[in-house]
Amino acid sequence: MSRPIRRSLGIQVLSLAVVASTSCATSDSGTFAAADPSRIDGVYVEEVVSTLAADDMRGRSAFTPDAMRAAEYLAEKMAESGLMPLEGQDGFLQRFTVGQVQTTDLTVSVNGREVAADRAFARLSSPSLSWSTGDAPVVVIGQGQELQSALFGAIQGAEDAVLLVHPSHAAAFGQFGGFLRRPASVLQGAAAPDIVVALVDAGSDATYEVAASATVTETELANVAGMVPGRRADEFVLFSAHYDHIGIRPGAADSIANGANDDASGVAAVMALGRYYAERGTPERTLLFAAFTAEEAGGFGSRFYSSQLDPDQIVAMFNIEMIGKPALEGPNTAWITGFERSSFGALLQEAVAGTEYVFYPDPYPSQNLFYRSDNATLARLGVPAHSISTTPIDVDQDYHQVSDHVETLDLDHLTNTVRAIAMGAEPMVTGVATPTRVDPATVN
0 MSRPIRRSLG
10 IQVLSLAVVA
20 STSCATSDSG
30 TFAAADPSRI
40 DGVYVEEVVS
50 TLAADDMRGR
60 SAFTPDAMRA
70 AEYLAEKMAE
80 SGLMPLEGQD
90 GFLQRFTVGQ
100 VQTTDLTVSV
110 NGREVAADRA
120 FARLSSPSLS
130 WSTGDAPVVV
140 IGQGQELQSA
150 LFGAIQGAED
160 AVLLVHPSHA
170 AAFGQFGGFL
180 RRPASVLQGA
190 AAPDIVVALV
200 DAGSDATYEV
210 AASATVTETE
220 LANVAGMVPG
230 RRADEFVLFS
240 AHYDHIGIRP
250 GAADSIANGA
260 NDDASGVAAV
270 MALGRYYAER
280 GTPERTLLFA
290 AFTAEEAGGF
300 GSRFYSSQLD
310 PDQIVAMFNI
320 EMIGKPALEG
330 PNTAWITGFE
340 RSSFGALLQE
350 AVAGTEYVFY
360 PDPYPSQNLF
370 YRSDNATLAR
380 LGVPAHSIST
390 TPIDVDQDYH
400 QVSDHVETLD
410 LDHLTNTVRA
420 IAMGAEPMVT
430 GVATPTRVDP
440 ATVN
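Sequential numbering of the sequence shown, starting at 0, is according to numbering that gives the first Met the number 0.
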């Protein structure tokens, strides 16, 4: 991966007023005021971060009332900022349902022999299942094959399947089976496969009989979504972050995983950007602002959100993740996941050229960060969807820990990063620049 281009902060720093000259000079109705990211208020950013990461939010875990309280707070802030609800949406809460499907009974026979209960499990998307040979394809995971990718690939896919796992995988089967016997989460209205897995020595021509039943518990979740309508009603620039975190971790004196950096910092950026753009009037492109739920629990918020829009109309997605700590490469620098997948990153670099800000490719390719946030959902649909971050993820000791407090953040850095994103986004917001699309075939 290429390294960032380093610049001295005292060389060729353009004032924000100079950068602003590319935009309209007034904010009257129907016009778009000049760009001035210095208007992004650090006090407001700190307020949002501190509220979301407070102990009384209890870590904002999805599927809990704590997350819903955080959503209601953010909905109020969107209304105060002058954002508009999405078309057809009543208010700023975008509600949807996720079912928790727990398999309760399962019998599996392969080649006429019943498989022992501890050697089979089912991952269901519906309350019951009755299969005979031919109702679903047989997939054999033989000796020497990689079990984990085959199991999780099938579960995350779209096809029903009967997976027959060779007994040589018994140890790993037990490990993964314990995890995969937990309730499966299914997004309402979304296609999800039924998967049956058995530890048995059999080939792809095996016969089978399967009977299973499950209980389904439905939970209502909510994204927080708003917009600034633009002149181009069918071209969207999306700014997003996830507001959920991992909740309570019992066993220690401090049991609340506050999630200040992950990702209250990103949500604060989205809220501050929404306020900034709403104050400027009518942009060229329509601007969308989303705080997603359940990123930590399977990406259900972004999955539902993306199903409500035509992905071909989303020009770019600025997904903002963990920007509360300075990057190792220096102040005023931020990195972009999946940099090579579209021209999104290059356009941001061009937009801030000559200023103190630098955007560069993700320096942690082994961490696979492109796939570890909500941007991946939209990238799979062809959207130039990338995450922007600054945290040294490989050495950060607070990631997914109860120590992720506001006190660990550099709030001046956080606010300055939001201003940098605003500067980088300006050509896309005003319709001057359009990033190339991501090739869905290259996104797993």
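The hints are simulated quantities; they were obtained by calculation from the structure and are not laboratory data.
Small disclaimer: the values here were computed from a predicted structure and weren't measured.
We put the CB at the ideal spot given by N, CA and C, even for glycine.
Any given hint might turn out to be false.
[What the hints assert, rightly or not] The calculated label-pair distances, taken between Cβ atoms and stated as ranges, are:
#1 Asp-393 - Pro-439: 27 to 35 Å
#2 Gly-156 - Gln-99: 39 to 47 Å
#3 Ala-252 - Thr-435: 45 to 53 Å
**Prompt:** Given a hinted range of 45 to 53 Å, is it respected by the beta-carbon distance of Ala-252 and Thr-435?
**Reply:** holds (50 Å)
**Prompt:** For the pair Gly-156 and Gln-99, does the Cβ-Cβ distance stay inside 39 to 47 Å?
**Reply:** Taking Cβ atoms as reference, Gly-156 and Gln-99 lie about 20 Å apart, which means the hint is violated.
**Outcome for the supplied range 27 to 35 Å, where the beta carbon pair is Asp-393 and Pro-439** = Hint holds: Cβ distance 29 Å, inside 27 to 35 Å.
In terms of the numbered hints stated before, the structure departs from hint 2 and from no other.
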